[in-house]
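Peer 1: Starting from the known structure of chain G, fit chain W onto it as the hints suggest.
From first to last, the protein sequence lines are chains G and W. For the first sequence, the residue numbers in numbering that gives the first Met the number 0 are 0 to 264. For the second sequence, the residue numbers in numbering that gives the first Met the number 0 are 0 to 264.
Keep in mind that the hints were calculated from the coordinates and are not lab data. Please read these numbers as outputs of a predicted model, since none were measured by experiment. In this text, a Cβ means the ideal position worked out from N, Cα and C, and glycines have one as well. Any given hint could be a false lead.
To be verified - Simulated restraints, written as ranges between beta carbons of each label pair:
| id | chain 1 | residue 1 | chain 2 | residue 2 | range |
| --- | --- | --- | --- | --- | --- |
| 1 | G | N141 | W | F252 | 38 to 48 Å |
| 2 | W | K125 | G | N140 | 44 to 54 Å |
| 3 | W | I160 | G | N131 | 16 to 26 Å |
Protein chains: 2
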Amino acid sequence: MNKNDFNNISVNLIGSGNLATHIGITLNNNGLKINYVWSRNLENAKILAEKIKTTYTDNFTEIYNNKAIYLICVPDSEIKSIAKKINSENSILIHTSASTNISVLEKFSTNCGVFYPLQTFSKNSKLVNFKNLPVFIEYSNNNVKNILKYLCDIINAKLIIANSEKRLLIHIAAIFANNFTNHMISISNEIAGSNKIDFELFKPLIIETLDKITKINSIDIQTGPSVRNDKNTIKKHLKALKKYKDFAKIYSFVSKNIQKMHSKL
Amino acid sequence: MNKNDFNNISVNLIGSGNLATHIGITLNNNGLKINYVWSRNLENAKILAEKIKTTYTDNFTEIYNNKAIYLICVPDSEIKSIAKKINSENSILIHTSASTNISVLEKFSTNCGVFYPLQTFSKNSKLVNFKNLPVFIEYSNNNVKNILKYLCDIINAKLIIANSEKRLLIHIAAIFANNFTNHMISISNEIAGSNKIDFELFKPLIIETLDKITKINSIDIQTGPSVRNDKNTIKKHLKALKKYKDFAKIYSFVSKNIQKMHSKL
Chain G
0 MNKNDFNNIS
10 VNLIGSGNLA
20 THIGITLNNN
30 GLKINYVWSR
40 NLENAKILAE
50 KIKTTYTDNF
60 TEIYNNKAIY
70 LICVPDSEIK
80 SIAKKINSEN
90 SILIHTSAST
100 NISVLEKFST
110 NCGVFYPLQT
120 FSKNSKLVNF
130 KNLPVFIEYS
140 NNNVKNILKY
150 LCDIINAKLI
160 IANSEKRLLI
170 HIAAIFANNF
180 TNHMISISNE
190 IAGSNKIDFE
200 LFKPLIIETL
210 DKITKINSID
220 IQTGPSVRND
230 KNTIKKHLKA
240 LKKYKDFAKI
250 YSFVSKNIQK
260 MHSKL
Chain W
0 MNKNDFNNIS
10 VNLIGSGNLA
20 THIGITLNNN
30 GLKINYVWSR
40 NLENAKILAE
50 KIKTTYTDNF
60 TEIYNNKAIY
70 LICVPDSEIK
80 SIAKKINSEN
90 SILIHTSAST
100 NISVLEKFST
110 NCGVFYPLQT
120 FSKNSKLVNF
130 KNLPVFIEYS
140 NNNVKNILKY
150 LCDIINAKLI
160 IANSEKRLLI
170 HIAAIFANNF
180 TNHMISISNE
190 IAGSNKIDFE
200 LFKPLIIETL
210 DKITKINSID
220 IQTGPSVRND
230 KNTIKKHLKA
240 LKKYKDFAKI
250 YSFVSKNIQK
260 MHSKL
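Next comes chain G alone, as it looks inside the complex (with noise of 0.2 Å):
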């Protein structure tokens, strides 16, 4: 798969979401042409397309195509009925879900991929930096893994083979990583407002707390009262959390795990 077997392939983006707008737009960066962007909200979809200067349209009739690459990036949720409604069975189905399993798509067509970029990514940030993410695919024959490797070399990501089970494995540790620790965040910042505590004087200590997390195993570095089995000071903490039920019932799981964690080491 080269440059020019792709200059013949039409490539149709499907949605226009956080991540059908960061992959459009480092695809269209890295000389991929995108021939339309297909999105249920067609002002949306107008957006998306404008960024990369192409069509646009949210008529499925308009763009069928039976050997076009649909590039599906739209919830979960909605992957099924719009690889039915693609309906053309030798057209190239790829999805982008990490909890999505391939055999969704392998009812719609013989050709069928997973491209799975292990990133967060919000449509008004910053355009996300390809280069070495790792992006896990899956393949249900060695066209559409030409397919993929393609894709990943010219944004030169850092391709991964990686079955439908393993994947929904690295979701979920995705998710730990990043909506968890985010909403751990959220919870610190709603206990310091609620009793009039500027949260911006917790930016140096969430700033060094960042800084150890990317350069050290974060097993080693924790501190505070949950991993010095602390009982006394987890106690008042649970005391003054009578309130925020919800904070106290997480305060009280993750010290717990915390301390069973560092148990076994």
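Peer 2: For chain W alone, coordinates are given in the frame of chain G:
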């Protein structure tokens, strides 16, 4: 309180752990003479004393001085017994604990204070930068207040007055922001490792997550199945976490809390 006043006061550093090390070195670097390092572990006292070019001891009678400042940096559970051992009612007792009420010291001296820097300290990490670091202080009289203010001034820390009740809540918020954030990464590492997924692959995701957290309000950047209330994906994840009972519990709780917090926005 100025440098000359301070030159006539003995400053004793009680403890030789993470906090004692960073505070001791920083005060010394900024021209404050520490007279003694006391630690019940003489070897650790020696290591720290050598770093700040002073003497060390594990014997309280040796450092007895009715007018000295005792900067107490020991585990919370030992503060009371240390204050009792110092046994000199006119001395200035200052502890550095977030979750210990100032009243613990008030039984042993009329001159009590708290000096709590909002930061994470590890002995073996690079020296913490105290410039603009929030230091929460509390004091039993203005003499102690002036001493605390002087200590903050010479290290360029940001002095904030907070009573013991507020300091406890600050500590809880700090635990979520630091210890629990860090533990989410440890869980991620554990899930990846036990499934033979190289955790190095998560580095770009973690760096992006942390970069966003320091720049944007964490509540505004939450992504993932929890905030989307994607029940199907969450169900798949809880099933996949079957052999990690504790992690499944944490996943379930934190996920529900994300939904709850965001549904209120």
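Peer 1: Evaluate each hint against the coordinates.
Peer 2: Status of the hints after comparison with the structure:
1. G:N141 to W:F252: 38 to 48 Å: holds (44 Å)
2. W:K125 to G:N140: 44 to 54 Å: Given about 52 Å between the Cβ atoms, the range holds.
3. W:I160 to G:N131: 16 to 26 Å: violated (48 Å)
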